[in-house]
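Undergrad: Chain residues, written in single-letter form:
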Amino acid sequence: MSIEIDGITKRFGNFLALDDVSLKIPTGELVALLGPSGSGKTSLLRIIAGLELPDHGSILFHGEDATARTARDRQVGFVFQHYALFRHLTVFENIAFGLRVRPRHLRLSRAEIDEKVHALLQLVQLDWLARHYPSQLSGGQRQRVALARALAVEPKVLLLDEPFGALDAKVRLELRRWLRRLHDDLHVTSVFVTHDQEEALEVADRVVVMNAGRIEQVGTAEEVYEQPVNPFVYHFLGSVNLFHGRVHGGRARIGAVELDAPEHAEVTDAPAVGYVRPHDIEVDRTARDPAAIAATVENIRSVGPVVRLELLRQDGGGRIEAELSRERYRELIFQKGERVFIKFRNLRVFLKDMKP
Amino acid sequence: MADRVHNEPAAVRWALIATALLFVGLLLFVPLAAVFTEALSKGLSAYVSALTEPDALSAIRLTLLTAGIAVPLNLLFGLAAAWAIAKFEFTGKQILITLIDLPFAVSPVISGLIYVLLFGLQGWLGPWLAAHDIKLLFAVPGLVLATIFVTVPFVARELIPLMQEQGTEEEEAAMVLGASGFQTFRRVTLPNIKWGLLYGVILCNARAMGEFGAVSVVSGHIRGLTNTLPLHVEILYNEYDFAAAFAVASLLALLALLTLVLKSVVEWKALQQRESATRTAGEGPLP
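As given, the protein sequences belong to chains A and B, one line each in that order.
Following this note's numbering, the residues of the first sequence are numbered contiguously, the last one being 356.
Following this note's numbering, the residues of the second sequence are numbered contiguously, the last one being 1287.
Among the hints, a few may not be true.
[What the hints assert, rightly or not] Ranges of calculated distance between the beta carbons of each label pair, as one might list FRET restraints:
| hint | chain 1 | residue 1 | chain 2 | residue 2 | range |
| --- | --- | --- | --- | --- | --- |
| 1 | A | Ala68 | B | Gly1092 | 23 to 29 Å |
| 2 | B | Val1265 | A | Gly38 | 44 to 50 Å |
| 3 | A | Leu242 | B | Thr1091 | 43 to 49 Å |
| 4 | A | Ser302 | B | Thr1091 | 56 to 62 Å |
| 5 | B | Leu1065 | A | Gly38 | 55 to 61 Å |
| 6 | A | Leu108 | B | Val1265 | 35 to 41 Å |
I should point out that these hints are in silico values taken from the structure, not numbers from a laboratory.
The structure displayed is predicted, hence computed values, not measured ones.
All residues carry an ideal CB built from backbone N, CA and C; glycine is no exception.
Starting from the given sequences, assemble the full structure and let the hints guide the process.
TA: Here it is, written out as structure tokens:
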């Protein structure tokens, strides 16, 4: 089932949580709402679920207006951040809950419920825990029970609020791959909220970057990472180096160096900021290009497959972080205090009034 | 205590313990023993007859009736108020919480007096009630009203922190899964608060049966008609019928002991429930 979010505005007292947000999610897609805390992503998820009412705007499921429907009638599956398992019920009864509370004429027989719950327990690989209580489970197990419980009512839409937020790093990694595979099997339209960019980029078909109650950018993981539309998205998705300068007629001037900035061809002499990811910086001993910037090596840190260099610009423009692959670093082997030249492989220039 | 932090000499420790025991003994055990000794001072048959004479029986009946009406009503009110306060945001929430505490803040005698001022012949509603031949004061309805007022806070006070701590996520989960409001309450909310609720009811009942001040003002002390157990004790005592007074008092003392036992059991159960709910994830079997 497709979801259409149309002009949703929501206030909590004086706080504007969502500011005229619109978004279309096609059937079967797995979408991540990504943003810092307070960006409105959880509010949007709760409004889709019917747990919160919007002040303006509407929610359409499969083209039908569902704004007035209660959470009970929306047929969505919701996985809460802290799982919200029923603490007085066993794992089995937690999963069976949605089936047992159906009106009598829609309710499955006892045997059918048994069968269905066991099938779901197998799906989440927890059939051996059926008689346990939530307090006896680990975080990852609780998360999977919560997911099975949400899937039991055969929702048309699956909504997950920070599904891996409360888990430790390793379990998190396993579970998100498992969730991706599960989605590929079930193909239920899914929306999940996260503040972890890596999680969003790895799991989702499309990423919706949110900030201060607005959607900043919608796109595939590659699009939002490679072509951020504004400084906020650039900052939020990974680390970045800033270079202050000016643009004039399609050329950007940073320190003593001039570069092409064709997207600002119409701009005449305005302050601007260049954004470069650390891995888009080339470091070399000799200046092979007149556009290279001179810097000294301040610090060298080796982090797994990459080596991070902290560089200090010699023109007084501040610090730069560069990331080299281990192989490339082995060819060069810098010393602390050494003079090097840097070049940008991919620089994006935004005018200064576009604050992150 | 596994690791002892304090290193006072044994004499100091024993002196402190002895002082504590002395106070507890003087203030709690001696009076309790006195009640039963006095009650049985004229023999068992006098004890039994003091409890079975018509006025005493009627006082017992009236006490049971008053508590029987006041406790269920306050159970409902306490549940509704705690539900509203813990699970919803609305303007005037603080005022409602303060109002619930009001009976604790006001002297019971004043509570009773308010009803006299409202419903008495010289009161605001008195003439209207008299004109319609409705008797509230110096009759059973007045006793019930006063008892309800005094015992309002017990259930609500017990439930509000418990329900606030539990939050609303489980209820939201139930709703999204298709449960109706009543199903959510019966299948999710109630099981989570049952021990706290029972605890509140036990305290509420003890107070309802033992209430003296407010009831005394609105009762009119009509023997066999508007005398509850505590009032009956007072009347007997004032008539120098000490053995009978203590015999009836021993009933209330037994009620108190029973309440303490039930309270401890429920407290223990509630603690168990809370512990099992907050046990950390690490203790469970790993995948």
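Undergrad: All hints, please: hold or fail.
TA: Against the structure, the hints:
1. A:Ala68 to B:Gly1092: 23 to 29 Å: holds, 27 Å
2. B:Val1265 to A:Gly38: 44 to 50 Å: holds, 46 Å
3. A:Leu242 to B:Thr1091: 43 to 49 Å: Holds, since leucine 242 of chain A and threonine 1091 of chain B (Cβ atoms, about 46 Å apart) stay within the stated range.
4. A:Ser302 to B:Thr1091: 56 to 62 Å: holds, 58 Å
5. B:Leu1065 to A:Gly38: 55 to 61 Å: Between leucine 1065 of chain B and glycine 38 of chain A, where Cβ atoms are some 57 Å apart, the hint holds.
6. A:Leu108 to B:Val1265: 35 to 41 Å: The hint (35 to 41 Å, Cβ to Cβ) holds, given that leucine 108 of chain A and valine 1265 of chain B are roughly 39 Å apart.
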